[in-house]
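There are 2 protein chains.
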Amino acid sequence: MKKIRVMIVGYGNVGRGVRLSLGKNPDMELVGIVSRSPERVGKELPDVPVMAISDVEGWKKAFRPDVAILCGGSKNDLPQQGPEFAKYVNTVDSFDNHSRIPEYFADIDAAAKASGHVSVISTGWDPGIFSLERVLGGAFIPGARAYGFYGLGEKGGLSMGHSDALRTIPGVKDARQFTHAIPEAIERVRRGENPAFEPGDMHTRECFVVLEEGADREAVTKTILSMPGYFAPYKTTVNFVSQQELDEKYKGFPHDGLAIAVGETGDRHAARVEYRCIWGSNPEATANVLVAHARAAARLAGENRSGAFTILDIPPAYFTTLSREELLEHWM
Amino acid sequence: MKKIRVMIVGYGNVGRGVRLSLGKNPDMELVGIVSRSPERVGKELPDVPVMAISDVEGWKKAFRPDVAILCGGSKNDLPQQGPEFAKYVNTVDSFDNHSRIPEYFADIDAAAKASGHVSVISTGWDPGIFSLERVLGGAFIPGARAYGFYGLGEKGGLSMGHSDALRTIPGVKDARQFTHAIPEAIERVRRGENPAFEPGDMHTRECFVVLEEGADREAVTKTILSMPGYFAPYKTTVNFVSQQELDEKYKGFPHDGLAIAVGETGDRHAARVEYRCIWGSNPEATANVLVAHARAAARLAGENRSGAFTILDIPPAYFTTLSREELLEHWM
Ligand SMILES: NC(=O)c1ccc[n+]([C@@H]2O[C@H](COP(=O)([O-])OP(=O)(O)OC[C@H]3O[C@@H](n4cnc5c(N)ncnc54)[C@H](OP(=O)(O)O)[C@@H]3O)[C@@H](O)[C@H]2O)c1
Ligand SMILES: NC(=O)c1ccc[n+]([C@@H]2O[C@H](COP(=O)([O-])OP(=O)(O)OC[C@H]3O[C@@H](n4cnc5c(N)ncnc54)[C@H](OP(=O)(O)O)[C@@H]3O)[C@@H](O)[C@H]2O)c1
Numbered sequence: 093m094k095k096i097r098v099m100i101v102g103y104g105n106v107g108r109g110v111r112l113s114l115g116k117n118p119d120m121e122l123v124g125i126v127s128r129s130p131e132r133v134g135k136e137l138p139d140v141p142v143m144a145i146s147d148v149e150g151w152k153k154a155f156r157p158d159v160a161i162l163c164g165g166s167k168n169d170l171p172q173q174g175p176e177f178a179k180y181v182n183t184v185d186s187f188d189n190h191s192r193i194p195e196y197f198a199d200i201d202a203a204a205k206a207s208g209h210v211s212v213i214s215t216g217w218d219p220g221i222f223s224l225e226r227v228l229g230g231a232f233i234p235g236a237r238a239y240g241f242y243g244l245g246e247k248g249g250l251s252m253g254h255s256d257a258l259r260t261i262p263g264v265k266d267a268r269q270f271t272h273a274i275p276e277a278i279e280r281v282r283r284g285e286n287p288a289f290e291p292g293d294m295h296t297r298e299c300f301v302v303l304e305e306g307a308d309r310e311a312v313t314k315t316i317l318s319m320p321g322y323f324a325p326y327k328t329t330v331n332f333v334s335q336q337e338l339d340e341k342y343k344g345f346p347h348d349g350l351a352i353a354v355g356e357t358g359d360r361h362a363a364r365v366e367y368r369c370i371w372g373s374n375p376e377a378t379a380n381v382l383v384a385h386a387r388a389a390a391r392l393a394g395e396n397r398s399g400a401f402t403i404l405d406i407p408p409a410y411f412t413t414l415s416r417e418e419l420l421e422h423w424m
Numbered sequence: 093m094k095k096i097r098v099m100i101v102g103y104g105n106v107g108r109g110v111r112l113s114l115g116k117n118p119d120m121e122l123v124g125i126v127s128r129s130p131e132r133v134g135k136e137l138p139d140v141p142v143m144a145i146s147d148v149e150g151w152k153k154a155f156r157p158d159v160a161i162l163c164g165g166s167k168n169d170l171p172q173q174g175p176e177f178a179k180y181v182n183t184v185d186s187f188d189n190h191s192r193i194p195e196y197f198a199d200i201d202a203a204a205k206a207s208g209h210v211s212v213i214s215t216g217w218d219p220g221i222f223s224l225e226r227v228l229g230g231a232f233i234p235g236a237r238a239y240g241f242y243g244l245g246e247k248g249g250l251s252m253g254h255s256d257a258l259r260t261i262p263g264v265k266d267a268r269q270f271t272h273a274i275p276e277a278i279e280r281v282r283r284g285e286n287p288a289f290e291p292g293d294m295h296t297r298e299c300f301v302v303l304e305e306g307a308d309r310e311a312v313t314k315t316i317l318s319m320p321g322y323f324a325p326y327k328t329t330v331n332f333v334s335q336q337e338l339d340e341k342y343k344g345f346p347h348d349g350l351a352i353a354v355g356e357t358g359d360r361h362a363a364r365v366e367y368r369c370i371w372g373s374n375p376e377a378t379a380n381v382l383v384a385h386a387r388a389a390a391r392l393a394g395e396n397r398s399g400a401f402t403i404l405d406i407p408p409a410y411f412t413t414l415s416r417e418e419l420l421e422h423w424m
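As you go down the protein sequences, you meet chains A and B in turn.
Just add 92 to wherever you are in the first sequence, counting from 1, and you've got the working numbering.
Just add 92 to wherever you are in the second sequence, counting from 1, and you've got the working numbering.
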């Protein structure tokens with residue numbers, strides 16, 4: 093069978109995860125990587141073809157991708173790269189700026205429809221799998237609210253966005269932020285209260301901060317605790333650690349979460365659905381989901397579909413290599 | 093908005109659940125019930141139009157259903173009713189005889205394609221939601237096996253099929269069977285062993301049996317323990333109880349389950365996904381899922397699709413009443 097030719101756009105944590113994931117999906121092959129810093133990437137991966145992202149005619153000809161997996165950042169890269177790449181090729185991305193998804197969908201949809209490509213946006217685990225589970229929970233238990241909790245394990249879950257926010261503070265040399273779900277909040281949901289939470293009711297935030305020499309602990313703490321949106325609404329703890337301690341004890345990208353919906357069926361019988369995921373590496377897990385969606389994008393494109401799609405618009409069978417016969421026989 | 097006109101075919105536990113569920117889904121209305129025992133049903137529901145299942149021209153004219161939800165038994169009713177009703181109307185059913193699903197799919201597909209109808213088969217929680225979660229687990233974590241466990245709670249989950257099997261034994265007046273997951277087996281899966289289980293490694297079976305007067309306890313016990321398929325492969329316990337005790341302590345249709353897949357992403361990082369559901373009433377939960385699929389069936393029919401579908405063939409957005417705009421804005 094002809095393999096699906098996948099190109100990676102932007103090589104950071106998720107890009108790395110996509111490369112590794114493609115190695116475990118025998119129906120796909122990595123045909124090349126494009127980056128704004130091709131030297132950096134070429135040095136890391138001497139055996140993989142790497143080209144400059146701007147050399148559109150070059151990579152089109154050299155890589156002939158069926159699907160491009162966009163691994164740029166949601167804040168600055170994807171809003172520009174998404175609609176741009178949708179002109180040239182079928183795309184998949186993990187755009188996770190929740191409040192901007194409608195706008196991003198519209199931009200990509202216009203570009204992809206005009207060029208006749210398929211663009212699957214905002215997939216990964218949240219948005220992505222969790223979006224799907226929330227929608228299923230709401231559909232199968234009418235009246236139930238769907239909640240997302242993060243960082244249920246002992247260590248909590250590393251939040252990249254909040255870690256980045258800490259690192260913008262003057263005096264902070266390095267930092268990582270772990271999110272913790274509040275167990276009592278989960279219990280209230282499980283009991284079927286369907287509570288109206290403020291963000292601070294569901295999660296706490298734990299910061300590990302390495303200071304620059306001579307920086308003022310109290311000033312940094314104050315800045316963190318009063319940061320609107322990021323930390324002000326939450327019970328936040330700030331711990332100062334050495335760079336070595338940060339690198340050894342708080343390394344990696346572990347994350348985990350719970351999507352949950354609780355309500356009643358028919359004659360006042362309790363009904364509860366919970367989706368739980370635990371990832372040793374958040375970007376690798378995101379990458380795995382992106383790769384499965386690349387398979388779906390190729391299939392949708394093969395049906396001459398075009399425009400923007402989310403995980404909610406795709407029949408689940410499109411994510412697997414399994415045939416209808418195999419699915420009916422072994423997976424139903 | 094015009095409501096989706098739903099007809100119930102066959103009125104037992106699931107049929108009752110569908111009636112109650114329709115009351116909670118304002119985009120649908122119950123237009124009538126057809127049954128092989130219309131008097132029985134009419135007596136239970138004096139305010140609902142009920143007709144004989146055999147009066148095809150009659151119910152077609154009186155009810156004009158958009159979708160028929162087939163609530164007959166999987167063993168004897170659906171193999172006949174499914175392909176028959178697919179001739180007349182769009183259908184949804186919860187056919188759960190796993191090994192016969194390929195055959196059932198083919199029969200219904202042929203009938204529905206010939207008549208131009210949509211037939212969604214084998215949906216509910218298992219097959220149904222669990223099928224979906226197994227496929228997603230396998231697609232997002234390549235190499236992970238997907239497992240289904242049932243009866244994780246203290247009381248276990250009531251198995252209708254196994255209760256029916258007990259009631260066929262001479263000397264048994266009434267009986268109910270509760271399935272229990274084996275916690276150690278779940279722990280092995282969680283640890284990432286991806287074990288090859290025999291059925292008896294995953295579950296135990298607990299029987300509560302009311303004997304007929306004068307029946308022989310030991311003979312009944314022996315018959316149960318040696319029943320191939322149903323009980324012989326499992327660690328099974330048999331408890332003899334009075335009818336009163338059965339009716340009071342072991343009533344209702346509670347069930348629960350866990351679909352789980354464990355593997356690794358990229359660079360040897362653990363990855364685990366778990367879908368857990370806990371139903372106070374199994375037939376009501378099944379009914380809720382059937383009703384959401386009736387919405388999807390109506391929508392697929394509106395797109396002039398035809399033939400057999402499973403949950404794996406349907407974009408998840410089709411299960412909800414939410415518009416694309418609402419989904420993008422609040423549910424991603
Ligand atoms: N939906 C979800 O569940 C989910 C989960 C996790 C992440 N995400 C999204 O995924 C996005 C990417 O995450 P990420 O962790 O991969 O971000 P990242 O490591 O910062 O990479 C983002 C981009 O930055 C550039 N870059 C990376 N390392 C660099 C370096 N050393 N020097 C210069 N440039 C470098 C790369 O572009 P060039 O190669 O072009 O330089 C890369 O595409 C996030 O913004 C987030 O929105 C979504
Ligand atoms: N996929 C899943 O997750 C899932 C879960 C649960 C159940 N199921 C399936 O759903 C099917 C139906 O389950 P159920 O619990 O609703 O079965 P049930 O109560 O035995 O009803 C099955 C049929 O029996 C007839 N019936 C019911 N009560 C009767 C009575 N008192 N006297 C005479 N006839 C009666 C009804 O047909 P008439 O009205 O025509 O007489 C009804 O359609 C099961 O076979 C199972 O396969 C699937």
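Calculated directly from the structure, the hints in this document are not laboratory data.
For glycine and all other residues, C-beta sits at the position ideal for the given N, C-alpha and C.
Hints are supplied without guarantee of correctness; some may be wrong.
What the hints assert, rightly or not - Interface residues of chain A toward chain B, partial, derived using beta-carbon atoms under 8 Å:
(1) GLU136
(2) PRO138
(3) ASN189
(4) ILE193
(5) SER214
(6) PRO219
(7) LEU420
Violations among the numbered hints = 1, 2 and 3
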